[in-house]
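First to last, the protein sequences are chains A and B.
Number 319 in numbering that gives the first Met the number 0 belongs to position 320 of the first sequence; there are no gaps in the numbering.
Number 187 in numbering that gives the first Met the number 0 belongs to position 188 of the second sequence; there are no gaps in the numbering.
No lab work stands behind these hints: they were computed from the structure.
In this text, all values refer to a predicted model and were calculated from it rather than measured experimentally.
Don't take every hint at face value.
Claimed, not checked - To give a feel for the contact side, a few chain B residues facing chain A, derived at Cβ under 7 Å:
{"hint": "1", "residue": "273"}
{"hint": "2", "residue": "324"}
{"hint": "3", "residue": "338"}
{"hint": "4", "residue": "341"}
{"hint": "5", "residue": "342"}
{"hint": "6", "residue": "345"}
{"hint": "7", "residue": "436"}
{"hint": "8", "residue": "438"}
Using N, Cα and C, we set each Cβ at its ideal position, and we do this for glycine too.
Number of protein chains: 2
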Amino acid sequence: MSKAPPPVALVGAGPTGALLAILLKRRGSHVVVYEARPDPRRHPEESGRSINLALAARGIRALEQVGLLERLRGKLVPMRGRFVHPRDGRTALQPYGTRADETIHSISRATLGRLLLDVAVGEYGVDVRFEHRLDAIDWHAGHAVLRDPHDHPIEVPIRPLIACDGAGSRVRRSLADTRRIEVYEEALEHGYKELSIPAMTDGTAALPREALHVWPRGDHMLIALPNDDGSFTATLFLRRRGSPSFESLADRRAIATFFDEDFPDIAPRMPQRIADWCDRPVGFLGTVRAAPWYHRDQVVLVGDAAHAVVPFHGQGMNCCFEDCLALDACVAAYGDWESRFAAFYALRKPNADAIAAMSLENYEEMRAKVVDPRFQVQSALAHELERRLPDRFIPRYSMVMFHPEIPYQLAERRGRIQAGLLAALTADASSLADVDLDAAQRVVEAQLAPIAQDLSSVTKV
Amino acid sequence: MSKAPPPVALVGAGPTGALLAILLKRRGSHVVVYEARPDPRRHPEESGRSINLALAARGIRALEQVGLLERLRGKLVPMRGRFVHPRDGRTALQPYGTRADETIHSISRATLGRLLLDVAVGEYGVDVRFEHRLDAIDWHAGHAVLRDPHDHPIEVPIRPLIACDGAGSRVRRSLADTRRIEVYEEALEHGYKELSIPAMTDGTAALPREALHVWPRGDHMLIALPNDDGSFTATLFLRRRGSPSFESLADRRAIATFFDEDFPDIAPRMPQRIADWCDRPVGFLGTVRAAPWYHRDQVVLVGDAAHAVVPFHGQGMNCCFEDCLALDACVAAYGDWESRFAAFYALRKPNADAIAAMSLENYEEMRAKVVDPRFQVQSALAHELERRLPDRFIPRYSMVMFHPEIPYQLAERRGRIQAGLLAALTADASSLADVDLDAAQRVVEAQLAPIAQDLSSVTKV
């Protein structure tokens, strides 16, 4: 009789860690999950630190695979497009896609996290140890030291250790500090703050639901995503320093004036805006790049721990869930952990780099371009070209959000060519009526290979 | 007194291995180089297997750093552009750049290889052991087994082993077979054969020198690069199977007809064409992708061993030389080999992926697009835009060949946007006179960030 192998240690029981634990457990692995925070199912949710999540096709595909999508249905609020609130008050809905089913779904991180934990623990019997904080890793001895709820040290052998401990990953830091991997952290000059837009006293929503609301102000922006109770979770993105900035808006009067001047249509619907501002921290925004994401057969970084991105494409969680499916497939395909990690890294790294770049670019799009008439003509032309040539032209946003069969890497590559085409084809146009659509179609046919052809060249790698 | 560390074992004494050995030796490392073939300086050169090399700015920068460029001057033949030989006989020189110094340089691989070896051995005292063939690697014991010229096995400790053993790397194969890294090899449907165009009997060249000659035939092509003795080294790229192909052209009569029909202007200048065809092997063309390029502190893949590319951008050797500079910089920056390898991989992998993609795309450009009037208008517009906006628009070919300060990764990214712009701006133009240049300039200014701005966002990684 052979001895059972030691359990796989998974650090972090957020959505990524919980989903991965479910997948590994389903494959028969013995997994123990360690989470620094208390069980969120027994404690009131931490507020003020989290942007609502936008679940799109990539995330949905992952949740479907573990049979979770049905349980989420009632909690998801579909968003059909961006509802833009320019300074001049002329609001407009910019649809995300061309088809009715091309929507994304708003959900609070807390709701999704609790559901995944419920399923992991309740249905799959995953062993999750809350309030176990990673203290240090002894790479030579091959164990991690954690602190239990009584602050007693516990040695956990790393055979292997899977790190789903998020953008601020302590595991990644230990790997970087000991020069086992290379890590680059690129902070944005902007931070964010969560704000609330409660439902009206009669229970109705303060804004049209079924949309992601954006108040683009060039250098900064406010967004709001719907919740299932009629409220919205709003997020202000603003420079940390300069003017205006989180630093310059230092007293209640300055904050009040800032809201009244920049967001007059929504400020009255945010009764707690000054209190929220003062009580809640300024969140960090940045991109984390690492290479590689694993060390030997000991440890692998998954999700934000490996490749945190800025939130402006709404793909962070979707990308993390794709990671989970990929690592699960590599566990099935290879017999040893180092091979699994190498294969996982080779598959996912180019795609993580691509979504990181696209997420940064989307910030400019959301806070400035959406109110630029040139952007609107380009966007209209992109949708028209998709209608005419769906096998050749899909707007980049749609490839990322609605086409999980197109890897991020390919969406980025085709997206750049498309951006050049759209800019030049609409150079002198003030509306779609000014564009010679037949000529545009011919240019696309001459310039862009069919998507299937490009797919066959990237999916191998 | 501390014991001297064991020598670094470097496998492969081609141009990459020789250059890297020089750099490491200059840093004070003790390096021993093992090469399977006999010393090329004492043996007649192997012919029939090598395309001439095109040395461009990236390679030149590396050779300058070791003071080698001066010694090469007399051997380099500058090429100012592509000299295109269409079927209709209307030949034309398409300049590579817009400035007189934007040339690339033809050199035979053998000449460059011998020179680098001469310097490595003669000036730097590098210990090169020829006719030492890598037989196997015992990863657990931590040594490589080589065979000396008498076929006796020799154990070489790998602390570390640096593999510069080329596209068919045995070290890479061992890493892949033992699932230490992931390797993807993507063969092209085309192979190649080297052919000769000797100097005329009066010693003059059979073709205009100072150009890379191309006979684009859609599905296949012939190219010729000048040598310093008035001869040209020609290469035929052709499908392996199908019609016409290396398989279908099976007898002397079929081969003769193929040359007479497809290349009537040059066939008479290739008196050995039938003999060359029969005597010389069909070379392999393909792309090799690996992730990662190293294993622990034991081994690293450098150059073609890590990332062989197809030869159609003429960047293979240039990219390999950039690798050598990067690894040398990482050796200086970090104290242990695993950190050095991780940093080297993180720096170079995205750039290697980019040049691999661009090299594949250049094949279509060389064998088909160069005779397409649309390509010629786009190319003329690209050069015109560079003249007007050199800080914003540099043709992709020029970024790759003449701008070593722009990483391949950025050249690829900007190149795709530019491709879209050029295609749309020239959609209805049959010559540059039909293009509204001021409008094109405005589109570029609105769409493309200054290069310096993009550079600041990529060089960190």
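Check your understanding: Which numbered hints does this structure break?
Key -> 1, 2 and 7
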